[in-house]
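Asker: Those sequence lines, one after another, are chains A and B. Read in order, the letters of the first sequence correspond to residues 28 to 288 in our numbering. Read in order, the letters of the second sequence correspond to residues 120 to 564 in our numbering.
Quick caveat, the hints were computed from the structure, so don't treat them as lab data. Keep in mind the model is a prediction, meaning the values are calculated, not measured. One or more of the hints may lead you astray.
[What the hints assert, rightly or not] Here are the computed lysine-lysine pairs in the DSS-like style, where the Cα-Cα straight-line distance is at most 25 Å:
1. Lys325(B) x Lys149(B)
2. Lys342(B) x Lys141(B)
3. Lys515(B) x Lys223(A)
4. Lys401(B) x Lys234(A)
5. Lys401(B) x Lys488(B)
6. Lys373(B) x Lys401(B)
7. Lys142(B) x Lys325(B)
8. Lys130(B) x Lys234(A)
9. Lys516(B) x Lys234(A)
10. Lys373(B) x Lys141(B)
11. Lys560(B) x Lys516(B)
12. Lys342(B) x Lys391(B)
13. Lys130(B) x Lys142(B)
14. Lys234(A) x Lys515(B)
15. Lys234(A) x Lys222(A)
[Claimed, not checked] Calculated Cβ distances over 10 Å to all of chain A for the following chain B residues:
16. Gly215
17. Pro238
18. Ser444
19. His463
20. Gln526
21. Gln542
22. Phe547
C-beta: ideal position from N, C-alpha, C; glycine also.
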Amino acid sequence: MARVMGLDMGSSFVKGVLFCDDEEPRFHMEKSGINYRRTAAAVRDALLREAGVTAADCDLVLVTGCGANCVEFAGAAAAEMPCLIRAVAEAVRPCVVLDMGGQASRLGVVNREGRMESFDFSEKCASGSGKILESVARVLQLSFAELANVAQHSTQPTSFTTSCAVFAESEAITAVARGESAANIVGGFHHAIAKKLVAMLNRSGSKVRELPLVAAGGAALDGALISTLESMAGRTVTVLERPQHVVAFGAALSARDALSN
Amino acid sequence: MAEEKKVVKVKTTADKSTETSKKAHLLVRKYYHEAAQALQEGRPVAWLMASTLCEEMCRAMDVTPIYTENFGGTAAAMQGGIMLCEACEADGFSMGICGYARVGLGHSKLRQELGRVDPSWPNGGMADPDLIIGCSAGCEPRYKWYQAQRRYQQVPFLCPEILDTYPVGMDPDDLEDYYVELLVAEMYETKALMEKHLGKKMDMDKVAEYAEQSERTRNLYWKCDEIRRAVPGPMPVEDMLSCMPFGFFYTAFKESEDFFQELYDELAARVKNGVGVIPEEKLRILWGWGLPPWHYLRIFNYLESKGAVAVMQECYTNFCADDCSQYSDPFERIARYQIRCRNHGHKEANARHLGVDVSRMISYVEDYKCDGVIQHALVSCRQRTIGQIASAEIMKKYSTIPVMSFQSDLVDERTASQAEINQRLDAFLEVAAVEKERRQKAGLL
Chain A
28 MARVMGLDMG
38 SSFVKGVLFC
48 DDEEPRFHME
58 KSGINYRRTA
68 AAVRDALLRE
78 AGVTAADCDL
88 VLVTGCGANC
98 VEFAGAAAAE
108 MPCLIRAVAE
118 AVRPCVVLDM
128 GGQASRLGVV
138 NREGRMESFD
148 FSEKCASGSG
158 KILESVARVL
168 QLSFAELANV
178 AQHSTQPTSF
188 TTSCAVFAES
198 EAITAVARGE
208 SAANIVGGFH
218 HAIAKKLVAM
228 LNRSGSKVRE
238 LPLVAAGGAA
248 LDGALISTLE
258 SMAGRTVTVL
268 ERPQHVVAFG
278 AALSARDALS
288 N
Chain B
120 MAEEKKVVKV
130 KTTADKSTET
140 SKKAHLLVRK
150 YYHEAAQALQ
160 EGRPVAWLMA
170 STLCEEMCRA
180 MDVTPIYTEN
190 FGGTAAAMQG
200 GIMLCEACEA
210 DGFSMGICGY
220 ARVGLGHSKL
230 RQELGRVDPS
240 WPNGGMADPD
250 LIIGCSAGCE
260 PRYKWYQAQR
270 RYQQVPFLCP
280 EILDTYPVGM
290 DPDDLEDYYV
300 ELLVAEMYET
310 KALMEKHLGK
320 KMDMDKVAEY
330 AEQSERTRNL
340 YWKCDEIRRA
350 VPGPMPVEDM
360 LSCMPFGFFY
370 TAFKESEDFF
380 QELYDELAAR
390 VKNGVGVIPE
400 EKLRILWGWG
410 LPPWHYLRIF
420 NYLESKGAVA
430 VMQECYTNFC
440 ADDCSQYSDP
450 FERIARYQIR
460 CRNHGHKEAN
470 ARHLGVDVSR
480 MISYVEDYKC
490 DGVIQHALVS
500 CRQRTIGQIA
510 SAEIMKKYST
520 IPVMSFQSDL
530 VDERTASQAE
540 INQRLDAFLE
550 VAAVEKERRQ
560 KAGLL
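Given these sequences and hints, build the entire structure.
Answerer: Structural data, given as structure tokens:
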């Protein structure tokens, strides 16, 4: 067995997964901050410390994500989509996965062989991504974790004309000024994001509708968003275990694959 | 003693594979310098657009042409497009209008402010024109751009009517004579206007010589694209985009013909010796509908770093070899050549009951053995973007290979994030590899 690590250098969080021989995988994450290099080292060190091993004991560190280039100690790098698909295929196949990350949302179709058959991305901006929820949480002075609880009390979700991450903040402020409740504002943004994701699902064709739908990424932790998505898509959404770590998990699996090939 | 400052030259364009294409920028620069020299010597300069059918006339009248669309592309490739776009926008033009137009208008705005063309601008900038000759073919900015240009330059603007549309379902051969008649009439009118503005007669024998020259150049250009069908691909798209100006714009020049002859010879040798662009060509990509992102030509190098080669492009390739030497009127010869080249594509499209662009993509996918198609949705070019979604859907009926679209612009790098484009490319290449593997297993390759 090998000791391998996968690091997902995301725009909001750096996530790490360590496989140490046949032990249970270890997970760790930290806010990305403004120094990816330092955060990557912190995540690595935390994982190694927990496992009681040193960096020299680690056979391969594979990095992915927007900050991957900053990680000098990485032995290999890979794109995010293949890492995502690698991890999802380990859990369920065939399926459609929606990865709702901090910077973008992605859709991948995984075939029976565990390979990516097709894909789609949200627009080039952060529209329809978890970044909107972060903005809204900031305006409403809530933590990200509180959003789902608040949205459960939504009676009439506010109608928002945008799913743009930049306009979201000013639209949320306008809604607050109008006297809208926090629950309806969050509910409204859940609708706006879910609408984008459903449009992406619809673009992927009729075959995709028959496949199980799974969710990954930090925004998948927002249960109210997932419920809204289920209701708008008219199908069940299974949230993968530790959704934030799925890509890092795939990176660790890819590192293990690389060593065994 | 003051230490001499070392100027570090930053390479902005793509790394090229073929030796001939590495020299393309020198010839492009030469054409711009010739225009600057003509201006200095008091000889007339004309700004032209592609498809005006006026280059031969200009040359016959000793008018040095500059192609303003070509300037837009080269300015962006040299990372000088934004400065000019911003100058244009500062004068009230919308960010939504054609990127080439914004570069051209921005150039004129700055020229007006400075009172001269700054030699540090891409390719030394464009020499002041005595004439500007646009045309109706292609898109609406081609009318409006030069009209707006006259805010800055009070020079005659000629705009011949050049046909670019075909009624659906009609046999292009049945239309040829009508179209040629119109084009020839427009060319004679343009000739009369040029003679009036320049105060001298046009030498039609010289026009005939240049018409023949253009055909020779274009035929060689077409041959170079044909030989690129080979596996491994001998020449990637980024190389051809550097050479394209001599087959699409500056065709009535012997230097352009010589350039393509040298390129063809190099490509033939590479094909003979099995020399490809990268050591292992895992995937062959068609650069589909949409013009290139001139501001990010390294996109092709990025593909190559992942084992994929863009082996052919859909844009700038609608010329096929055709002999029109039997037509004694040089204008008719030019018009026939132009129409027949277009007819070729339209006939093929009619046979498929499809539009010409998507039909050409289907042909290229087959002929160039492509494993995937990349389409570029251009923020500032509706003409080359509308239809991309439909074309991707149509492609699915003819081929199982994946089609990817991404959004940026022909010159405006502010519209795109290279990191985001690369992310999409990574996913796309993965899907293309899976599909290629499936076809291999099914014995389809």
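Asker: So Ser444(B) supposedly isn't at the interface. Is its beta-carbon more than 10 Å from every beta-carbon in chain A?
Answerer: holds (50 Å)
Asker: With a cut-off of 25 Å on the C-alpha distance, tell me whether Lys130(B) and Lys234(A) pass.
Answerer: violated (46 Å)
Asker: Tell me if the straight-line CA distance from Lys401(B) to Lys234(A) falls inside 25 Å.
Answerer: With Cα atoms ~28 Å apart, Lys401(B) and Lys234(A) exceed 25 Å; violated.
Asker: Would the pair Lys142(B) and Lys325(B) pass a check requiring their Cα atoms to be no farther apart than 25 Å?
Answerer: violated (29 Å)
Asker: So is Gln526(B) really clear of chain A, every C-beta pair being over 10 Å apart?
Answerer: The claim breaks: Gln526(B) does not keep its Cβ more than 10 Å from every Cβ of chain A (closest is about 6 Å).
Asker: Hint check: Lys234(A) vs Lys222(A), CA-CA at most 25 Å. Holds or violated?
Answerer: holds (20 Å)
Asker: Take the C-alpha atoms of Lys342(B) and Lys391(B), compute the straight-line distance between them, and say whether it is at most 25 Å.
Answerer: holds (15 Å)
Asker: Against chain A, does Gly215(B) keep a CB gap of more than 10 Å to every residue?
Answerer: holds (17 Å)
Asker: Per the stated criterion, does the least C-beta distance between His463(B) and chain A lie above 10 Å, as a non-interface residue requires?
Answerer: Answer for His463(B): holds, closest chain A Cβ roughly 34 Å.
Asker: A cut-off of 10 Å on Cβ-Cβ distance, and Phe547(B) was said to be off the interface with chain A. Does that hold?
Answerer: Answer for Phe547(B): violated, closest chain A Cβ roughly 7 Å.
Asker: Quickly compare the C-alpha distance for Lys560(B) and Lys516(B) to 25 Å and report which way the hint goes.
Answerer: holds (21 Å)
Asker: If you draw a straight line from the CA of Lys373(B) to the CA of Lys401(B), is it 25 Å or shorter?
Answerer: violated (38 Å)
The earlier numbered hints that this structure contradicts are 4, 6, 7, 8, 20, 21, 22.
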